[in-house]
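S.K.: Line by line, the protein sequences are chains A and B.
Position one of the first sequence corresponds to residue 1 (this note's numbering), numbered consecutively onward.
Position one of the second sequence corresponds to residue 1 (this note's numbering), numbered consecutively onward.
It should be emphasised that the hints constitute simulated quantities derived from the structure, not laboratory data.
We put the beta carbon where it would ideally sit given N, CA and C, even for glycine.
Please note that the accuracy of each hint is not assured.
Derived DSS-like pairs (lysine-lysine); straight-line CA-CA distance at most 30 Å [stated by the list, open to error]:
1. Lys49(A) <-> Lys66(B)
2. Lys20(B) <-> Lys41(B)
3. Lys58(A) <-> Lys41(B)
4. Lys112(A) <-> Lys49(A)
5. Lys55(B) <-> Lys66(B)
6. Lys58(A) <-> Lys102(A)
7. Lys14(B) <-> Lys102(A)
8. Lys58(A) <-> Lys69(A)
9. Lys20(B) <-> Lys55(B)
10. Lys102(A) <-> Lys55(B)
11. Lys41(B) <-> Lys66(B)
12. Lys14(B) <-> Lys55(B)
13. Lys69(A) <-> Lys102(A)
14. Lys49(A) <-> Lys102(A)
15. Lys14(B) <-> Lys41(B)
16. Lys14(B) <-> Lys49(A)
17. Lys14(B) <-> Lys66(B)
18. Lys102(A) <-> Lys20(B)
19. Lys58(A) <-> Lys112(A)
20. Lys112(A) <-> Lys69(A)
21. Lys55(B) <-> Lys58(A)
22. Lys49(A) <-> Lys69(A)
23. Lys66(B) <-> Lys112(A)
24. Lys20(B) <-> Lys64(B)
Quick list of simulated restraints, FRET-style, between CB atoms [unchecked claim]:
25. Asn41(A) <-> Ser73(B): 25 to 35 Å
26. His85(B) <-> Leu51(A): 37 to 47 Å
27. Cys13(B) <-> Ser70(A): 49 to 59 Å
28. Ile83(A) <-> Val3(B): 23 to 33 Å
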Amino acid sequence: AQSVTQLDSQVPVFEEAPVELRCNYSSSVSVYLFWYVQYPNQGLQLLLKYLSGSTLVKGINGFEAEFNKSQTSFHLRKPSVHISDTAEYFCAVSRSTSGTYKYIFGTGTRLKVLA
Amino acid sequence: GAVVSQHPSWVICKSGTSVKIECRSLDFQATTMFWYRQFPKQSLMLMATSNEGSKATYEQGVEKDKFLINHASLTLSTLTVTSAHPEDSSFYICSARGGLAGSYEQYFGPGTRLTVT
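Can you build the whole structure from these sequences, using the hints too?
M.R.: Quick look at the structure:
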């Protein structure tokens with residue numbers, strides 16, 4: 001069964017420091033990968049996505065991610081975080097199930113930016 | 001573009017009553033809509049998938065008689081929690097797919113917080 005693993009449940013980091021949020025997936029077929037951010041009591045906001053093409057994907061708010069097929073990873077990075085980046089981050093894989101593409105979400109990583 | 005709305009954003013109801021949550025795609029036609037449930041500090045759990053004009057497909061363990069889903073048009077899906085109980089209290093999020101999104105991407109609504117007293 002396909003799964004998405006976010007190894008870090010919480011990541012504390014000081015403001016203006018770099019951060020990497022890890023995401024690994026298991027799949028033997030083509031995958032479509034997404035990172036979402038969720039602020040308290042809100043829905044999901046798309047940060048970036050990988051569907052095909054360049055393995056380095058740039059998203060909103062200065063985030064980027066690199067698709068690594070050999071390591072089945074799609075880690076999210078930001079070179080300098082802000083207090084406002086404090087939120088929950090979800091990695092998701094879109095895969096076909098009985099002809100319908102559905103998401104499989106990771107368990108989430110809580111990023112806490114410290115002043 | 002690709003905006004999904006939900007109504008209400010939060011609702012409190014008494015145990016035993018039913019609650020309806022609406023999910024609308026505002027600027028595109030949603031051929032497929034998804035309903036998720038999220039418990040505090042947890043990930044999203046897919047409850048069901050609905051295609052316009054057909055019956056919803058429920059994930060294993062989700063009671064279809066408890067969570068009624070109707071996808072009556074290409075822009076509207078509703079989730080009705082019937083005979084709600086405190087354990088149904090949760091954050092419910094819908095998403096929609098269609099238009100320029102292609103098959104792979106979903107657009108998410110802002111969520112509805114349901115509290116059953």
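S.K.: Confirm or reject each hint.
M.R.: So, going through the hints one by one against the coordinates:
no.: 1; hint: Lys49(A) <-> Lys66(B); in the structure: 34 Å, violated
no.: 2; hint: Lys20(B) <-> Lys41(B); in the structure: 24 Å, holds
no.: 3; hint: Lys58(A) <-> Lys41(B); in the structure: 27 Å, holds
no.: 4; hint: Lys112(A) <-> Lys49(A); in the structure: 23 Å, holds
no.: 5; hint: Lys55(B) <-> Lys66(B); in the structure: 15 Å, holds
no.: 6; hint: Lys58(A) <-> Lys102(A); in the structure: 23 Å, holds
no.: 7; hint: Lys14(B) <-> Lys102(A); in the structure: 33 Å, violated
no.: 8; hint: Lys58(A) <-> Lys69(A); in the structure: 17 Å, holds
no.: 9; hint: Lys20(B) <-> Lys55(B); in the structure: 17 Å, holds
no.: 10; hint: Lys102(A) <-> Lys55(B); in the structure: 17 Å, holds
no.: 11; hint: Lys41(B) <-> Lys66(B); in the structure: 24 Å, holds
no.: 12; hint: Lys14(B) <-> Lys55(B); in the structure: 28 Å, holds
no.: 13; hint: Lys69(A) <-> Lys102(A); in the structure: 20 Å, holds
no.: 14; hint: Lys49(A) <-> Lys102(A); in the structure: 15 Å, holds
no.: 15; hint: Lys14(B) <-> Lys41(B); in the structure: 24 Å, holds
no.: 16; hint: Lys14(B) <-> Lys49(A); in the structure: 41 Å, violated
no.: 17; hint: Lys14(B) <-> Lys66(B); in the structure: 16 Å, holds
no.: 18; hint: Lys102(A) <-> Lys20(B); in the structure: 24 Å, holds
no.: 19; hint: Lys58(A) <-> Lys112(A); in the structure: 22 Å, holds
no.: 20; hint: Lys112(A) <-> Lys69(A); in the structure: 29 Å, holds
no.: 21; hint: Lys55(B) <-> Lys58(A); in the structure: 38 Å, violated
no.: 22; hint: Lys49(A) <-> Lys69(A); in the structure: 15 Å, holds
no.: 23; hint: Lys66(B) <-> Lys112(A); in the structure: 37 Å, violated
no.: 24; hint: Lys20(B) <-> Lys64(B); in the structure: 14 Å, holds
no.: 25; hint: Asn41(A) <-> Ser73(B): 25 to 35 Å; in the structure: 28 Å, holds
no.: 26; hint: His85(B) <-> Leu51(A): 37 to 47 Å; in the structure: 41 Å, holds
no.: 27; hint: Cys13(B) <-> Ser70(A): 49 to 59 Å; in the structure: 51 Å, holds
no.: 28; hint: Ile83(A) <-> Val3(B): 23 to 33 Å; in the structure: 27 Å, holds
Going down the numbered hints, you'll see the structure goes against 1, 7, 16, 21, 23, while the others check out.
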